[in-house]
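K.L.:
Sequence:
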Amino acid sequence: MRGRPEPKQGPGIPGDSAPAGGSRRGVSRLPLPATQLSLKGRALRLLGTREHSRAELERKLAPHEEEPGQLARILDDLQAKGFIDERRVVDSVLHRRAPRLGAARVRQELQAKGLPAPLIAEAVAALRDTELQRAREVWQRRFGSMPADARERARQARFLLARGFGGDVVRKVFDASDNG
128 MRGRPEPKQG PGIPGDSAPA GGSRRGVSRL PLPATQLSLK GRALRLLGTR EHSRAELERK
188 LAPHEEEPGQ LARILDDLQA KGFIDERRVV DSVLHRRAPR LGAARVRQEL QAKGLPAPLI
248 AEAVAALRDT ELQRAREVWQ RRFGSMPADA RERARQARFL LARGFGGDVV RKVFDASDNG
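Numbering (the working numbering), first residue to last: 128 to 307.
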């Protein structure tokens, strides 16, 4: 490579850039290419980027399973150690998505992650309490002023509906904006 000096070789393995004392402290290791990772390594890499449900990990890692039952054992182990936690996945989705989306859309995303129905129902019930307030904030941030005509009102309503807010909530957003 142009302009880069070759690293000094330490004793031991050719290509090893460890200092003469043999310590590797301070030397960063490059991550292994995905093709060389073990199934557990792949799972940990996925979990390192964001929270994943068990169903998501099964779907993503199944093509890499070498022997039947291997993936289930690894996921059981990771779940027992607390690396996989369905409640954390729900909390993560709520934190990232709920401020901008309605309860219906959040429910859809949680279902797509393969989470248990009771957890989803609990999360959606908590969202319903703040649905109108969140819809108003989303509408205000996007539009800020009342629609001038019926066509514009319909466009703004579609915007909110597409984000998972219910029709009754959308009506209340416009009724409250009309009145003050």
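Just so you know, not all the hints are guaranteed correct.
[What the hints assert, rightly or not] Here are the simulated PhoX-like cross-link-like pairs (lysine-lysine), alpha carbons at most 20 Å apart as the crow flies:
id	residue 1	residue 2
1	Lys240	Lys299
2	Lys187	Lys167
3	Lys187	Lys240
Honestly, the hints are just simulated from the structure, not real lab data. Here the structure is a predicted model, which is why all the values come from computation and not from measurement.
K.L.:
Each hint should be assessed against the structure and marked as holding or not.
P.N.:
Status of each hint after checking the structure:
Our distance criterion of 20 Å between C-alpha atoms is broken by Lys240 and Lys299, whose separation comes to about 31 Å. At roughly 12 Å between alpha-carbon atoms, Lys187 and Lys167 fall within 20 Å of each other, so this suggested pair holds. Taking the CA atoms of Lys187 and Lys240, the gap is about 11 Å. The hint holds against a cut of 20 Å.
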